[in-house]
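These are the residues of each chain, in order.
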Amino acid sequence: MKHKKDGKGGFITTTFNSMLGWGRKFSLFQYPFITACCGMEYMSVACAHYDLDRFGMGWTRFTPRQADMLLVVGTITHKEAPVLKTVYDQMTEPKWVVAFGACAVSGGIYDNYAVVQGIDRIIPVDVYIPGCPPRPETIINALIKLQEKIQKEGHEWRFQKRKS
Amino acid sequence: MAISKEKVLEDLKQKFSDNILEITAQFGDDIICIKKEALLDIVNFLREEPYAFTMLLDLTCVDYMGEEERFEMVYHLFSLSNKLRLRFKTRLSEDDCKIDSLTPIFKNANWLEREAYDMFGVHFEGHPYLRRLFMYDGFEGHPLRKDYPLHKHQPKIPLRK
Amino acid sequence: MKYRIQQEAREGTMLLNMGPSHPAMHGTTRIMLELDGEKVVNCELEMGYLHRGFEKICESKTYFNMLIYTDRMNYVSPLINNTGYVMALEKMLGIEVPERSQYIRVILNEFSRVCDHLTALAAMCMECGAFTVFLYMMKAREYIWDLMEQTTGARMTTSFIRVGGVRSDFPADWKETTQIAIDETRKVLKDCHGLMSKNKIFLNRTRDVAVVTPELAINYGWTGPCLRSTGVNYDVRKAFPYLVYDQLDFEIPLGERGDNFDRYMVRMQEMEQSLRMVEQCMAKIPKPSSPYSSDGRGLDPAEAISASRTKKPGQGIRLSPNLEGTEKGKYPGILAGKKYIVPPKEDTYTNIEGLINHFKFFMRGHGIRPPKGEVYFSVEGGSGELGFYIISNGTDKPYRLHLRAPCFHIVAALEELVRGHFVADIIPTFGSMNMIGGELDR
Chain V
1 MKHKKDGKGG FITTTFNSML GWGRKFSLFQ YPFITACCGM EYMSVACAHY
51 DLDRFGMGWT RFTPRQADML LVVGTITHKE APVLKTVYDQ MTEPKWVVAF
101 GACAVSGGIY DNYAVVQGID RIIPVDVYIP GCPPRPETII NALIKLQEKI
151 QKEGHEWRFQ KRKS
Chain Y
165 MAISKEKVLE DLKQKFSDNI LEITAQFGDD IICIKKEALL DIVNFLREEP
215 YAFTMLLDLT CVDYMGEEER FEMVYHLFSL SNKLRLRFKT RLSEDDCKID
265 SLTPIFKNAN WLEREAYDMF GVHFEGHPYL RRLFMYDGFE GHPLRKDYPL
315 HKHQPKIPLR K
Chain A
326 MKYRIQQEAR EGTMLLNMGP SHPAMHGTTR IMLELDGEKV VNCELEMGYL
376 HRGFEKICES KTYFNMLIYT DRMNYVSPLI NNTGYVMALE KMLGIEVPER
426 SQYIRVILNE FSRVCDHLTA LAAMCMECGA FTVFLYMMKA REYIWDLMEQ
476 TTGARMTTSF IRVGGVRSDF PADWKETTQI AIDETRKVLK DCHGLMSKNK
526 IFLNRTRDVA VVTPELAINY GWTGPCLRST GVNYDVRKAF PYLVYDQLDF
576 EIPLGERGDN FDRYMVRMQE MEQSLRMVEQ CMAKIPKPSS PYSSDGRGLD
626 PAEAISASRT KKPGQGIRLS PNLEGTEKGK YPGILAGKKY IVPPKEDTYT
676 NIEGLINHFK FFMRGHGIRP PKGEVYFSVE GGSGELGFYI ISNGTDKPYR
726 LHLRAPCFHI VAALEELVRG HFVADIIPTF GSMNMIGGEL DR
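Residue numbers (the working numbering), protein chains in the order written: chain V, 1 to 164; chain Y, 165 to 325; chain A, 326 to 767.
For reference, chain V alone in the conformation it holds in the complex (with noise of 0.2 angstroms):
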């Protein structure tokens, strides 16, 4: 929601605000669109070794509509771009977008005819991870900047009246 700039009843909206921040930043359900090597970092992360689940990302969705962080791990080709573009429009709001790895940060080393130059050609993202793959504890690092985000972010929530 948009803070009133007057600073007029505040306090009740902006605690609210940071508990449903606080609500949602720890239950992300994540939607980790796989592709390419990546991959094999994302299963390291997501096992028991590294855990992703102390971060309350543990719960894999793998329908859109059930998830709220999508995770694009891996390169993505022109012949894959639509198919990210509807998974990431069948997704509810509130979402966030995670690009995972060199290649869906900017390409990477792909640099030809076949690959998307940073899927943020297709999609807004929220945080980017560099790394060809990134390490798992960067992956860690940058899920809780994205949390930091979250927590700090304005949210819209069902009581709002919506003006128009």
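Quick caveat, the hints were computed from the structure, so don't treat them as lab data.
None of the values given here were measured: they were computed from a predicted structure.
All clues stand as given, with none of them false.
What the simulated footprint calls covered on chain A by chain V, stretch by stretch (three residues with Cβ under 8 angstroms from a Cβ of chain V suffice, anywhere in the stretch; the number is not a length):
#1 337 to 347
#2 370 to 380
#3 397 to 406
#4 459 to 466
#5 479 to 493
Cβ coordinates follow ideal geometry from the N, Cα and C atoms, glycine included.
Start from chain V and add chains Y and A according to the hints.
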């Protein structure tokens, strides 16, 4: 009983003397250049005992741009019982970019030929379903040809920015 | 253009799309199914969702730069890809690799194979519902990756095997790490055998499903564990021995029926054999030519450069993690020749000959330049015969490079295998084939 490589080459030379252009060896691999009309006959001949080249290891194409016969098809055949590998090469010109399909003999030729069609635009006569394998419908040109630019993107959906 | 399955569709059947964004399709394959109830009447596979233009981009890179792309072909076992590519080049250049690096290559290759099989089986078992096995196998892989990281500096994409040998020697305490990796993997394999091999649910889903006869497998060009599961004894390591495989004692596990369960079982047994091979290599590996020192003494690279301006530095350079290259002291044992290897950093930073060598190696038009000609070389990859077909025109870039991807030929058979089975049978069948997107689509 295993048959030696020399014997196979000798038999090939005798049987297909008109259709074999050259037999050479390079880095220990044997290369047999053939006429493209004889491809099916030679492969069928080698499939039988005692040669038993029953496996198509690989099929690919090379683009020699600027030469008269532009494309070169490369076939790797493998004999499991004799543990022999042979490489067959044949040239195609750009105007008549057609060659017989190996799909009736080897089942994996189906995809391999679709790949060659996709990447080079070589047509395979007798192929049941010649369709692009890696690229999508609406993609113009054949990316592995030397005259296709490396950075020429053909996006399927409009890109942002 | 209509798909074949649409053209051939019968009346009263249902067309169903599966993938490419489907957990069991590993992200990059799309299967179009024609269903009669639960039965698959017809099916068509569409691929190319991960076509990254490997072969095209290789034509614009030098032989040395291209190594990193081979890592990302079969990304579960990158070291085998490196080996295949590098050995194809060595065959062209006629380089004989020192014995110690041959052993290092074999050890890393076999561990990569274990990784590959672990990942394939973990995914297959998970898709059949055995999540515990997935977690266990991923844990074993972590121990192996510890060794990889210690040795190569990266967990997956290592680019470690270089023309003429390997990038660096094993670290000082590699034997302990290796032993831990072997022991932990053995433990996991034992657990997984207990969980899966006699599991009724797993057996029902995999036994006699998608049976392949030896003739069909050969006709499709199958190699590797999938071919051996049908009972055909063909392994590149035995048929065309490379490296030191002819000096090692190992068996080739064979299946009998060629169904999904056999493919699972052959992989399980192959991992045992791979671990055995690693143990033999650990015992047989020759001693390094110079003792390894990792105490961190020596100059920083920057200090060494300034020291070289006034006098010759007496000590070696401490390697910074950002600097590529091996220490000079380790050269004779693991790298062959001087022409085709990255010059040691000590020389590059401190004397003019070394600097010239460095430029000669990395300058456009110089570096590794194989003679004119073409070569095919294959190694036993994770899922079969991994062949590199390279055409050189005498310059520092390949004229054409083609990869014979093993899983390309294996996945080509899927359409035929699942016809007549249930939808649920597709998942273990596809899992047992070990489809790797990077290799399939290149």
